[in-house]
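The hints should help you fit chain B onto chain A, whose structure is shown.
There are 2 protein chains.
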Amino acid sequence: MALIVQKYGGTSVGDIERIKNVAGRVIKEYKRGNQVVVVVSAMGDTTDRLIDLMKEITDDPDPREADMLLTTGEQVSIALLCMAIQDKGYKAISLTGSQVKIKTDDCHNRAEIMAIDNSRILKELEQGKIVVIAGFQGINSRDDFTTLGRGGSDTTAVALAVSLGADRCEIYSDVDGIYTTDPRIVPEARKLDYISYDEMLELACLGAKVLHPRSVELAKAYNVKIYIASSFNYKPGTIVERIDEMEKRNNVTGVTSDKDEVKVTVEKVPDKPGIAGKLFSKLAEHNINVDMIIQNLQYNNLNDISFTVNKEDFIKSKKVIYEIAEELGSPQVDIDTNVAKVSIVGAGMITTPGVAARMFTALGKAGINIQMITTSDIKVSCLIAEEEADRAVRILHRTFELADIDEGVEGQVQ
Amino acid sequence: MALIVQKYGGTSVGDIERIKNVAGRVIKEYKRGNQVVVVVSAMGDTTDRLIDLMKEITDDPDPREADMLLTTGEQVSIALLCMAIQDKGYKAISLTGSQVKIKTDDCHNRAEIMAIDNSRILKELEQGKIVVIAGFQGINSRDDFTTLGRGGSDTTAVALAVSLGADRCEIYSDVDGIYTTDPRIVPEARKLDYISYDEMLELACLGAKVLHPRSVELAKAYNVKIYIASSFNYKPGTIVERIDEMEKRNNVTGVTSDKDEVKVTVEKVPDKPGIAGKLFSKLAEHNINVDMIIQNLQYNNLNDISFTVNKEDFIKSKKVIYEIAEELGSPQVDIDTNVAKVSIVGAGMITTPGVAARMFTALGKAGINIQMITTSDIKVSCLIAEEEADRAVRILHRTFELADIDEGVEGQVQ
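One line per chain: the protein sequences are A and B, in this order. The letter at position 189 of the first sequence is residue 188 when you use numbering that gives the first Met the number 0, and the numbering goes up by one with no holes. The letter at position 188 of the second sequence is residue 187 when you use numbering that gives the first Met the number 0, and the numbering goes up by one with no holes.
These are computed hints drawn from the structure, not numbers from a lab. One or more hints might be untrue.
Okay, derived cross-link-like pairs now, DSBU-like style, lysine-lysine, Cα gap no bigger than 35 Å in a straight line [said to hold, decoys possible]: (1) Lys100(B) to Lys87(A); (2) Lys87(B) to Lys315(A); (3) Lys30(A) to Lys190(A); (4) Lys271(A) to Lys208(A).
With the rest of the complex left out, here is chain A (with noise of 0.2 Å):
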């Protein structure tokens, strides 16, 4: 008998019917003689029309209340779900982050989890029971309630499969699995049946919506294999897992384009040491993250320093970064939005040599302009103008192959 976590998105009990498909599936797994562990987030959109509700009374909401009226989204789907559970004959209970007594810390709106109880989970399983817990919630040192921010749900999940020590972790959405690209932009694009922890947390952190970054840090810390697959069939998906033998693995496993990005260039500040320090610390000590940088000497010992954020945080910060330019001596701010990062990924990049170089030169003559370049062990950036990226995506698909590689097999592109 193996315990199983599943964990269902919003789009996934969007609606009765969906819900009925949940209990279905989770019913299926119970009865493959499996303890079934289920977490669920708020059905659909009720979480924005919790937040529309809100807005009508303040831009400024407290963030305590905040978390009160949200837990409540998600507090509505296990209730359902266990009700569909049990009307087609099974036993299931529902528990809030509440009552499992998923501890968070005291950050409203965005805790994050310090320790799970088991006890009350366990004595439910005992019993036969398909336990559903709500996603997304849990509870802070006053008994107050918690939200976990973005990717919430499926961080639940993990921290619930490791606490359990599951067997499985499976994370269903609206998606059948992690692809080579995204399939709207290259039709040929394949779906991968493993994928690397860290390969997934590049991947998340590009854009890739499937899986929070923060889920894919807890599940490999704690060497936890999560599948991905969709809600609305029974393809197969894609396994998260520790990939020990490199040398098995392909050099670049996956592309990704990110239009989420604003190139800000702070310009002519004096090109004297500290200043792009002062800069940076200044951002961070507001919380702004900044991604890819670039420092440019212009004439008269002066700088340009350009460097990307997310879109959203951009909005946020946009008064600050212009506050610390004037600090620094800078006449002229430069904003730019017309711009991507496209990028590729691959955990076999750190031992294949010239992966970068093919890469810009792919981009190089197809006359794609590359503005800023970021690298990581298993990853390179480029960011292009965002009218290129789509093609982008396209070439460096084909350059690298992707379409057409049997995984776990060493050389194909080389």
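Same frame as chain A, now just chain B:
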């Protein structure tokens, strides 16, 4: 500094504008220098909406999961009301039934409050906060959420007033107070400044929807004054309290009618000792509340036994009633839904002879046939044809001169 418990019903928090209005009223009380604990129901039709979702899944939901679902309604209200109070610059905090620790028994959907833990509420009040508490809900010994059933939020408010030793318990809804009768039937109906617990209890049981009988019983048991008024204006309402000086009270305080009755006649049962006892114990076993009873001896030692039950109860228990009748040897059950119960209520009746007789005479003179009668110390009820109900109410209101009695002065109607 007084401690005030205020309760606002679903209509009073029906939309965001009304929630803001309630916030203003709460703050007004707070600014008088008082500590304020607010109990709120779910917004307008929220509960109905949740029940509709539930019915799409099952007609027979697990009571625990139904409570899990329904308790979200008040949780939304308390969060939004707190935000509205905070938005006006005052400190507020919301607490669910489980956070307060409103301990109930295990009867999901109709739980009774066993105890309330004051500690969290007092801690928040001491910090100068307005404390907003979810009505209608509690928590049982297993930490599961329970709901209190009908009149639940009123009961929460009174129970909190008792537990906290509040100076006042104010129940706000969309009615201005308690009237001598329904103003929609008798335009000259007069609002009462005071009413006794017992009179209120009779009126509540007779279908006055303002306050649920169980909250009145609780208030009476602990001698908590209840102030009933509208949340939509500042007109003076009605105080429900202990009124010891009976001789100063009017003999009749109010007239009510209740069209939610069904008359059931179990025909031709043998006139043997114990038959009626058997019938009514069996009905009681099935939780069928019988109101009025009459027994007529027919020919051949056969009896017709008539009783009235609430319409809703009747629908639920129809099958059981027919089964019991058959068991008792009755060849026929007659159902009459075309009935209504008109009642006069008044604490002074006990000490004033002839009140019932005046009622019967007045109805008789008007040609209204009385089918059944029940009386208590402070109430006389007559079952009549439904279409005569409004006319009967007008006649009785006039007979007992309820429109122009000065309260607290005896003998005006003698």
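Each hint tested on the structure:
1. Lys100(B) to Lys87(A): holds (34 Å)
2. Lys87(B) to Lys315(A): holds (25 Å)
3. Lys30(A) to Lys190(A): holds (28 Å)
4. Lys271(A) to Lys208(A): violated (41 Å)
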